[in-house]
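Colleague: Okay, so the sequence shown: first residue is 259 according to this note's numbering, each after it adds one.
Some hints could be false.
Stated by the list, open to error - With a cut-off of at most 25 Å between alpha-carbon atoms, the simulated DMTMM-like pairs for lysine to aspartate or glutamate come out as follows:
#1 K389 x D276
#2 K389 x D296
#3 K345 x E314
#4 K345 x E382
#5 K398 x E414
What the hints assert, rightly or not - Okay, the calculated beta carbon distance ranges per label pair:
#6 N337 x A445: 46 to 56 Å
#7 A446 x A294: 35 to 45 Å
#8 P410 x F264: 35 to 45 Å
#9 D278 x R442: 11 to 21 Å
#10 Q260 x A446: 31 to 41 Å
#11 N337 x D278: 39 to 49 Å
#12 H422 x G327: 15 to 25 Å
#13 A446 x D342: 28 to 38 Å
#14 G409 x I312: 19 to 29 Å
#15 K398 x D338: 17 to 27 Å
Keep in mind that the hints were calculated from the coordinates and are not lab data.
Each residue gets a CB set at the ideal place from its N, CA and C atoms; glycine is no exception.
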Amino acid sequence: LQEAGFDASILRVAYRIDPDQTYVVVDVETTGTRSANDRVTEIGAVKVRGGQTIAEWHTLINPERRIPGYITQMTGISNDMVRDAPKFGEIADDLAQFLSGAVFVAHNVNFDHGFIAAEYRRLERRFHAPKLCTCAGMRKHYPGHGSYGLGPLSREYGIRLENHHRALDDARAAAELLHMINERRLAA
Numbered sequence: 259l260q261e262a263g264f265d266a267s268i269l270r271v272a273y274r275i276d277p278d279q280t281y282v283v284v285d286v287e288t289t290g291t292r293s294a295n296d297r298v299t300e301i302g303a304v305k306v307r308g309g310q311t312i313a314e315w316h317t318l319i320n321p322e323r324r325i326p327g328y329i330t331q332m333t334g335i336s337n338d339m340v341r342d343a344p345k346f347g348e349i350a351d352d353l354a355q356f357l358s359g360a361v362f363v364a365h366n367v368n369f370d371h372g373f374i375a376a377e378y379r380r381l382e383r384r385f386h387a388p389k390l391c392t393c394a395g396m397r398k399h400y401p402g403h404g405s406y407g408l409g410p411l412s413r414e415y416g417i418r419l420e421n422h423h424r425a426l427d428d429a430r431a432a433a434e435l436l437h438m439i440n441e442r443r444l445a446a
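When you get a sec, could you build the whole thing from the sequences and use the hints?
Modeller: Written as structure tokens, this is what we have:
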């Protein structure tokens, strides 16, 4: 369709296990909850293939606005920490290269994907990637939990999550959930 001039892209994929499939599990920390108004302050990404981590990528981001106190309290990311960090436009190419050819995975994927897409839109660039949600996958393959938040699931399954609400640690924990989901799917 793109070759015929249509604005088309793959937004969803069928969730199947392919040992050669590359996934990038992403977590973002932000100045708030609305991608139209708020900005990214940190990105952590874990590249996974065959159940193994093959690369990691992480950076703080200068959001070009103040980080509210309650966000600093939750994440530990302060205005001082991001003052000299790169702006999103300075890391956009590196991030796109790291994500290239992979399925975008996150815990509550629409939040993280939405913020990354909004940052690229501000640069007048498109961002589309097939996406998978570890929260939805855990609900489907591990039913019956009272909470499907990353913290409670990590505690329940003994997944290391020392710095919850820091992007790279959250991405690592979500990568472990992805591995659990893929194992359950393989056993079915």
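Colleague: If a hint holds in the structure, say so; if it does not, say that too.
Modeller: Hints, one by one, checked against the model:
{"no.": "1", "hint": "K389 x D276", "in the structure": "holds (15 Å)"}
{"no.": "2", "hint": "K389 x D296", "in the structure": "holds (22 Å)"}
{"no.": "3", "hint": "K345 x E314", "in the structure": "holds (20 Å)"}
{"no.": "4", "hint": "K345 x E382", "in the structure": "holds (15 Å)"}
{"no.": "5", "hint": "K398 x E414", "in the structure": "holds (16 Å)"}
{"no.": "6", "hint": "N337 x A445: 46 to 56 Å", "in the structure": "holds (47 Å)"}
{"no.": "7", "hint": "A446 x A294: 35 to 45 Å", "in the structure": "holds (39 Å)"}
{"no.": "8", "hint": "P410 x F264: 35 to 45 Å", "in the structure": "holds (43 Å)"}
{"no.": "9", "hint": "D278 x R442: 11 to 21 Å", "in the structure": "holds (19 Å)"}
{"no.": "10", "hint": "Q260 x A446: 31 to 41 Å", "in the structure": "holds (34 Å)"}
{"no.": "11", "hint": "N337 x D278: 39 to 49 Å", "in the structure": "holds (43 Å)"}
{"no.": "12", "hint": "H422 x G327: 15 to 25 Å", "in the structure": "holds (18 Å)"}
{"no.": "13", "hint": "A446 x D342: 28 to 38 Å", "in the structure": "violated (49 Å)"}
{"no.": "14", "hint": "G409 x I312: 19 to 29 Å", "in the structure": "holds (26 Å)"}
{"no.": "15", "hint": "K398 x D338: 17 to 27 Å", "in the structure": "violated (42 Å)"}
Violated hints, listed in ascending order, are 13 and 15; each of the other numbered hints is respected by the structure.
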